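Student: Produce the entire structure from the sequences given, and follow the hints as far as they go.
First to last, the protein sequences are chains A and B. When the letters of the first sequence are read in order and numbered with my numbering, they come out as residues 1 to 570. When the letters of the second sequence are read in order and numbered with my numbering, they come out as residues 1 to 570.
The hints are simulated quantities; they were obtained by calculation from the structure and are not laboratory data. The structure presented is a predicted model; accordingly, all values stated were derived computationally and were not measured. Please note that a few of the clues may not be correct.
Where chains are identical, the list cannot tell them apart; a pair therefore holds if satisfied intra-copy or between any two copies.
Each computed DSSO-like pair below joins lysine-lysine, with the alpha-carbon atoms no more than 30 Å apart [unchecked claim]:
no.: 1; residue 1: Lys-492; residue 2: Lys-425
no.: 2; residue 1: Lys-393; residue 2: Lys-560
no.: 3; residue 1: Lys-425; residue 2: Lys-181
no.: 4; residue 1: Lys-425; residue 2: Lys-266
no.: 5; residue 1: Lys-271; residue 2: Lys-393
Okay, here's what each chain looks like letter by letter:
Protein chains: 2
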Amino acid sequence: MVTCVKYTSAMLLLRRCHSLTRFGPFNTQRHQVTPAVFVSGAAAVRMGVLRAHGPRWRHGLAGLLAGTGAVLAYGLHHHKAEQQDSSTVQTIEKTSAFPIISQEEVTTHRSLEHGVWVTYKGGVYDITEFVAMHPGGDKILLAAGGALEPFWALYAVHNQEHVLEMLSEYKVGELSAEDVKKQKAIKTSDPYSTDPERHPALHINSLKPFNAEPPPELLSDSFITPSAIFFKRNHLPVPQVDEASYQLHIEGLPGGVLTLSLEELKTRFPKHTITATLQCAGNRRSEMNMVKQVKGLNWGIAAISNATWGGRGSGTCCWPLWAFHVQFEGLDKDVTGTTYGASIPLNKAVNEEGDVLLAYEMNGQDIPPDHGYPVRAVVPGTVGARNVKWLGKIIVSAEESSSHWQQNDYKGFSPGTDWDTVDFKSAPAIQELPIQSAITVPTDGAVVDRSSEEVTVKGYAWSGGGREVVRVDVSLDGGKTWQVAQMRSSEKGQAPGPSPPPGRAWAWKLWEVTAPLPAEAQELEIVCKAVDNSYNMQPDTVPPIWNLRGVLSNAWHRVKVEIREDDNEE
Amino acid sequence: MVTCVKYTSAMLLLRRCHSLTRFGPFNTQRHQVTPAVFVSGAAAVRMGVLRAHGPRWRHGLAGLLAGTGAVLAYGLHHHKAEQQDSSTVQTIEKTSAFPIISQEEVTTHRSLEHGVWVTYKGGVYDITEFVAMHPGGDKILLAAGGALEPFWALYAVHNQEHVLEMLSEYKVGELSAEDVKKQKAIKTSDPYSTDPERHPALHINSLKPFNAEPPPELLSDSFITPSAIFFKRNHLPVPQVDEASYQLHIEGLPGGVLTLSLEELKTRFPKHTITATLQCAGNRRSEMNMVKQVKGLNWGIAAISNATWGGRGSGTCCWPLWAFHVQFEGLDKDVTGTTYGASIPLNKAVNEEGDVLLAYEMNGQDIPPDHGYPVRAVVPGTVGARNVKWLGKIIVSAEESSSHWQQNDYKGFSPGTDWDTVDFKSAPAIQELPIQSAITVPTDGAVVDRSSEEVTVKGYAWSGGGREVVRVDVSLDGGKTWQVAQMRSSEKGQAPGPSPPPGRAWAWKLWEVTAPLPAEAQELEIVCKAVDNSYNMQPDTVPPIWNLRGVLSNAWHRVKVEIREDDNEE
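Tutor: This is the structure:
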């Protein structure tokens, strides 16, 4: 039954509509149902018509059930993940007169042809029609004929009221008491129980998998981000890797599979060190959410950080002529054994000027568990998603990675493209990122006293592809007039290092400007925009770059600050 | 005397102010004078105050006298160069009682220390204070102590009323009749008399040097732009090069100077062929002029074209370790013998994937005179200015080219930077260009009949640095809603070639979209914006990217079209 706490009348209407269209518990030709959150009382009256136009609602439906890697941020208030242990989540209906179905019967429905059934907490659900809408693609079929619990334990984001509401719409029966007992006997352990402890300063966007960003004002305090507050972006549980038995397998080279121990990786090749900024494709997604709901973690401006990485350069091997891509596979895996994966173009990997590292050090120490211990790929200038952590395998290949994250995620689309029309094959996998900058100080809504007479604005700026940031413009009046910020590429008070060679500017720049408070202004709209040495600029506004996955959010960053008049002078 | 036909009252006021501050004809400590075009009647009353703030007016002054390479486009109506043969230009004042000065006396004033005097058509001018404002820098000193005519013959843009008006302000005397006679005996020949004939379809922005662009609707007709209408951007007269005696000198290599004849260049190295788009840094400058006056040719949207180039690859040589730049010198030179010059980073030149060519063919034929016959540099993905034509010398160097065009031109600045505050050293020379697109059909102001029911929009899209254009978004409603255009990378009806390898997409894409006319609209604001595979986007609007040289104009392109209702239906 579709329900929504805030829309009781809509709920009742939907309940009626629902009963009108239900043909029976075993009917596998189910109809799509409008999510209640999209339905006003009046609109719900037209439900019969709307039902005939299922695709119109796919966006809404798909937004409620997130798939592998496509983690849901439903509603603007979910800035911090609302964690609910799965044992405390209750399904809505407990007493409805659904037929009793055996696990044996459920098991026969594990394909689109025979219907796709799943169980959850004693309920049986026919999700056949939802498969096509699942953002994670047909990976959802892995749960077919069985229980959802082990999958949802992996992707804790499913444990939300909205998701359960949607699921309830697909209910077709109750699992037999005997089978429920059997299921409970199979204890579902929490795969995240071995995740490391994290720094309390982090703003958590999702706990399982763990995704968190540092407070902006901390971010711009250090040119090199301390590892503890370096933004964390995990797709799966942190794998437990034993240093002694760790092996890195490299496939696709002329001599067959090459296997290296950690010791060999560290001692057989010279160590290279680079300072490189990593940024999540979804950094600043929250600004897109303010325009129109997108799918993905509701990142603020701090899904970006800068570190010094040490490891073996990847540009020293010989590579076969037929190869065009280098695929990376992580050791982090889901319940089906599928590992995280991504690939980069071969010419980035083999070009010594590409500075790709098989890194085992971060900021002078072993790479911490959250950042890929013991070895990760560092692909400077390239979106975080290709910097594969807990690296288990490298495959030199004629093809891109076939992983979900390479093929059906981390791509950009036109603002006019929605989940009904999107063709993931039509867009290239994000590699190099565009020019980016943001204001870390002051934060939006801050108050500045008139008596301070001036305001100091701080932030970061970075561009992908090794393009150096050459200028940051700052405006206090919403973009009408601009001044040029001072930039630095070292810790405060330290001399900057030598300029990077052309095309190898991997590290961000921090910037700062102090300006007098405009005499007449009561509020400042502070804006920043950066320009790189290809003279690419940030777009002015968010709506024209809005995209359904909320990636590549790099419009001018805007912060409003109130000027409080000095009481003594009034 | 500052005068302006349109501001007679201002002229009279200025004349008064001028007499108040003139200390004598031989006073080398001259004051800057506000150009009349900036002065309203009321404002001119404050002239005494304004005079004390010389720098405030430098922008205006500098805008009136263009230097080497910084060709002036004063006023929006100067879309086509208003050519005046120098013999017909008259100085304003003929009968004033200035002292008679000998050429010998003039000759003693050829430095900032002793004053900088020049003669022009029998007048003597003390331009000491103007030297610092000359956009071409101290190159103006080359004329010190002598006649301006030979320089102005080279840069015909000086032959404009405004320039003469400004010059007259600096008048300090009349050249003796005897010396005038001697000067006339030295015939100043027109260095442009041997320039080639050009295609009549070209829109001419400046005749001497020749700068012209094709009509937009022709531009998008062909994937490969025919050489005859390929945009022309000359800084100097087209040099006459004898094929038999042509030599290319390459300096800075370990073995000393290498000299190659055209025959050797063509036969001793394999010929490489690439299709690459070239774009002038000033393409679409006219849109910046509409925001606020900039300096430079008033290019429309067609200072960009695409050709197939054949020649020797530059990536096959050996290069010394100390080198970081490759300088190119043209055979085109000014009266002082200074040649056009520019440089590119060494890693672009030596990387085989950089595809830099020493090109001797354009579209399958010898390179035409206007495009660099017999040999030019083709530096794909890089601003036109570095694709040096009539290539005479290559210098492998630790330093960038010291030329005006590398150091003090072709750089981008903040909108808040003006000619008083600009520090050319603070910005990098433009190399790779940012993402660009424009609408070629329909043109601004076109009329579409309602009965046609739909509108077809065409254009081009390209990005620098070998970044492939992956999408063009088109809006008919000023940017509120967007659709994705169809792109092609071959002539219409022909199969596209293979996709370029990553980072080597040198050619533009042409795009097209046909959409129904919105039922209620009376006017369409058609907008396009492109995105490259680094997901860089074009900025929304022009003012925030405005810069004093009017380069890098790549905001969304906007075209307004009127829908004419069908009379029969009214």
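Student: Hints first: check each against the structure and report whether it holds.
Tutor: How the hints compare with the structure:
1. For the homomeric pair Lys-492 and Lys-425, the shortest alpha-carbon distance between copies (24 Å) is at most 30 Å, but the shortest distance inside one copy (45 Å) is not.
2. In this assembly of identical chains, the alpha carbons of Lys-393 and Lys-560 never lie at most 30 Å apart, being 47 Å within a copy and 55 Å across copies at closest.
3. Taking the shortest alpha-carbon separations for Lys-425 and Lys-181, neither the intra-copy value of 44 Å nor the inter-copy value of 76 Å comes in at or below 30 Å.
4. Taking the shortest alpha-carbon separations for Lys-425 and Lys-266, neither the intra-copy value of 39 Å nor the inter-copy value of 43 Å comes in at or below 30 Å.
5. In this homomeric assembly, Lys-271 and Lys-393 come within 30 Å of each other (Cα to Cα) only inside a single copy, at 20 Å, whereas the closest approach across copies is 41 Å.
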